Amino acid sequence: MSKLTLVQAVNDGLRTKMQEDASVLVLGEDVGPKGGVFLATEGLTAEFGEERCFDTPLSEDGIIGVGIGMAMNGMRPVCEIQFQDFIFPAFDQIVSEAAKMRYRSGGQYSVPMVIRTPYGGGIRGGLYHSQSGEAYFAHTAGLKVVIPSNPHDAKGLLISAIEDPDPVLFMEPKALYRAFRQEVPEGKYSVPLGSAQTLREGDDAVVFCYGAMVPVCQEAAGRIAEQKGQEVRVVDLRTLLPLDEDAVLDAAKACGRVVVVHEAPRFCGYGAELSALIAEHAIEYMEAPIVRVTGFDTPFPNTLEHYYLPDARRVTDALERVLDF
Amino acid sequence: MASASSIRLADPGGIQLCRVLREDGSGLLKGKHGPLPDREQLETIYRAMLTTRLLDDRMLKLQRQGRVAFVGTASGLEAAIHGSAAAFDEEDWVFSALREGGAAVQRGMALYDYVAHMFGNDDDTAKGRQMPNHFQCPEVHFPSWSSVIGTQLPHAVGAALAMKQRGEKRVVCAYSGDGATSSNGFHAALNFAGVMKAPVVFVVIDNGWAISVPSAKQTAARSYGSKGKAYGVAGFDVDGNDPLACYQEVRKAVDRARAGEGPSLIALRSYRLGGHSSSDDPSRYRNPEEFEYWSKRDPLLRFERYLEAEGLLDEAKREKWVLEIQTQIAAAVEKAEAVGPPKLETLVEDVYEQPPRYLTRQVVEALRIVAEKGEADGVAGKFPL
Numbered sequence: 001m002s003k004l005t006l007v008q009a010v011n012d013g014l015r016t017k018m019q020e021d022a023s024v025l026v027l028g029e030d031v032g033p034k035g036g037v038f039l040a041t042e043g044l045t046a047e048f049g050e051e052r053c054f055d056t057p058l059s060e061d062g063i064i065g066v067g068i069g070m071a072m073n074g075m076r077p078v079c080e081i082q083f084q085d086f087i088f089p090a091f092d093q094i095v096s097e098a099a100k101m102r103y104r105s106g107g108q109y110s111v112p113m114v115i116r117t118p119y120g121g122g123i124r125g126g127l128y129h130s131q132s133g134e135a136y137f138a139h140t141a142g143l144k145v146v147i148p149s150n151p152h153d154a155k156g157l158l159i160s161a162i163e164d165p166d167p168v169l170f171m172e173p174k175a176l177y178r179a180f181r182q183e184v185p186e187g188k189y190s191v192p193l194g195s196a197q198t199l200r201e202g203d204d205a206v207v208f209c210y211g212a213m214v215p216v217c218q219e220a221a222g223r224i225a226e227q228k229g230q231e232v233r234v235v236d237l238r239t240l241l242p243l244d245e246d247a248v249l250d251a252a253k254a255c256g257r258v259v260v261v262h263e264a265p266r267f268c269g270y271g272a273e274l275s276a277l278i279a280e281h282a283i284e285y286m287e288a289p290i291v292r293v294t295g296f297d298t299p300f301p302n303t304l305e306h307y308y309l310p311d312a313r314r315v316t317d318a319l320e321r322v323l324d325f
Numbered sequence: 001m002a003s004a005s006s007i008r009l010a011d012p013g014g015i016q017l018c019r020v021l022r023e024d025g026s027g028l029l030k031g032k033h034g035p036l037p038d039r040e041q042l043e044t045i046y047r048a049m050l051t052t053r054l055l056d057d058r059m060l061k062l063q064r065q066g067r068v069a070f071v072g073t074a075s076g077l078e079a080a081i082h083g084s085a086a087a088f089d090e091e092d093w094v095f096s097a098l099r100e101g102g103a104a105v106q107r108g109m110a111l112y113d114y115v116a117h118m119f120g121n122d123d124d125t126a127k128g129r130q131m132p133n134h135f136q137c138p139e140v141h142f143p144s145w146s147s148v149i150g151t152q153l154p155h156a157v158g159a160a161l162a163m164k165q166r167g168e169k170r171v172v173c174a175y176s177g178d179g180a181t182s183s184n185g186f187h188a189a190l191n192f193a194g195v196m197k198a199p200v201v202f203v204v205i206d207n208g209w210a211i212s213v214p215s216a217k218q219t220a221a222r223s224y225g226s227k228g229k230a231y232g233v234a235g236f237d238v239d240g241n242d243p244l245a246c247y248q249e250v251r252k253a254v255d256r257a258r259a260g261e262g263p264s265l266i267a268l269r270s271y272r273l274g275g276h277s278s279s280d281d282p283s284r285y286r287n288p289e290e291f292e293y294w295s296k297r298d299p300l301l302r303f304e305r306y307l308e309a310e311g312l313l314d315e316a317k318r319e320k321w322v323l324e325i326q327t328q329i330a331a332a333v334e335k336a337e338a339v340g341p342p343k344l345e346t347l348v349e350d351v352y353e354q355p356p357r358y359l360t361r362q363v364v365e366a367l368r369i370v371a372e373k374g375e376a377d378g379v380a381g382k383f384p385l
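Protein sequence lines correspond, in order, to chains A and B. Each residue of the first sequence is one higher than the last, beginning at 1 in the working numbering. Each residue of the second sequence is one higher than the last, beginning at 1 in the working numbering.
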């Protein structure tokens, strides 16, 4: 075991799989000698050579399209999109090609590829280095969407994603890249896709969250315990698609009061799906309206980013509203 | 790490690089040149280059002190930027990328507006929405840029076609870097411009690096200028550290576009002397000998030697101008720092021309939470590149 940051755990996960499986390779902008702009791929070119970790020309469309072709022909590419905000030139390749290959070929071809990309705010990145676009992709049948919230899960989920037979969008919360360290096992282990985790027990209310919002929700749950003596359950979804529906419904039924938190805009955001799921299957358990705490329905600002992003202040406010209803 | 023998050279070999000014700046090369800037334009170009260098120096210091969040400097690219920008008229449009903000100032944007944008304060014309170095100035026909690479290039073609359809004799400048030549936008823009004979000049400032990826890995083409050929667009490769050559070749392209002869692609070969930005450490991927080689070819020094040889500049004049510009920058910084951030209410403005009711509700809710629970904390993270 060693204490790693989230970005170091990603690096460790890549290295672990590259050592084990010669078909795993890494491609993207600046992933080579520089080691990626966040240093997630640091040292991989030196260790595995330019054939297995290489810089590409500046074309996201090219990175993903070439990755698809490699995946169709026996490789396990891990494509890096430098910022999730830059993924849209490759939207066509992801949504129309990678996600549909298995279905359109009647299962004759598949795309076992991972797309790693840092997402979310918190680094003064403004409009184009801060977005949370998970809802675009969670709406796409054929993709899997994974968002870790801590170093242990980041490595374990990444290993599962690389081993998965289908295309996985692996969104990394850049605000947490170096926020804290955690014990991470050496060598190979996996955290299964499609499995949520309860990070804090409680049955007065439940808050569903993922990625960079997880520590925010934990902080808010702590404030509620301190101020009101009530216990809020914190559930980290970890995989958005496929969703761990049982975990969501069990927690919603057990608590009866639900808050959903994400930093992406509210309208048609992932919280809408969670709220609808709970309303469809557990409305009779609800003792308060389901409340969402989200980014504004605006593009991502720069100077006012800290007001845009949900913080413990706003999550606490929402928890108070459902608890006092 | 590349060996010394494989460093990027000023002359790539194998392609004809247009050059007017001798490498040591001592005078013009033999041969027929023109059109060249007149004396007034020479001074304008030089002052713009100097302003950009001094602004970058100041902004970088402010960034190091934590007063500005991010800076992408133009160090080493001043001749390419300001020599080319001088070739366009007041009524022409300029679509920029990351490093051409100085061209907006050259075209008449107030220095204070430049600085206010760097702070993203309440005076920023973009209301603090963008990261620093994403300049705009409608008064000088300089539209807003996104950080997504190459997306502005088709916009430039569209703006040029609008001018053409209205029968205006205006031209559009489309700046990009070498990395952008790999983007979808570059391909679409060159293709459309060629087919539709758009009055647009694509100015590729090839600074050698797309963050950490060298130009040699960006394309297998012999040069960026040669990329025009396949699109039916006239392409040229120019010494980007020679402000006279940059002006001359871009000016000829502007004249052709204005005369209805269609688009051109002008690749200005230069070198990024700084990192990609204030957060980048180029020593991780760049050969120090290459940096040494290019810092001896600083375009500002080369142009100064020429202006001195022509009797247009001396040390006293230079010092006077430096002081003048530094004083203007200092005043702008002082003013900008005294202005607060945009108001919370501005967050929902400009999503649409009129804020829909649900957005107004979201801001009312935010104000309620501020009243009940206090202001939001600032963000802790730092920009990585």
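No wet-lab data here; the hints were simulated from the structure. One or more hints might be untrue.
[Stated by the list, open to error] Have a look at the derived ranges for each label pair, beta carbon to beta carbon: (1) B:Glu345 - A:Gly69: 41 to 51 Å; (2) B:Ser283 - A:Pro165: 39 to 49 Å; (3) A:Gly74 - B:Lys169: 35 to 45 Å; (4) B:Glu337 - A:Pro165: 21 to 31 Å; (5) B:Asp377 - A:Met1: 25 to 35 Å.
Because the structure is a prediction, the values reported are computed rather than measured. Glycine included, C-beta positions come from ideal geometry on N, C-alpha and C.
Hints versus structure:
| no. | hint | result |
| --- | --- | --- |
| 1 | B:Glu345 - A:Gly69: 41 to 51 Å | 49 Å, holds |
| 2 | B:Ser283 - A:Pro165: 39 to 49 Å | 41 Å, holds |
| 3 | A:Gly74 - B:Lys169: 35 to 45 Å | 57 Å, violated |
| 4 | B:Glu337 - A:Pro165: 21 to 31 Å | 55 Å, violated |
| 5 | B:Asp377 - A:Met1: 25 to 35 Å | 32 Å, holds |
Violation of the numbered hints given earlier is confined to hints 3 and 4; the remaining hints are satisfied by the structure.
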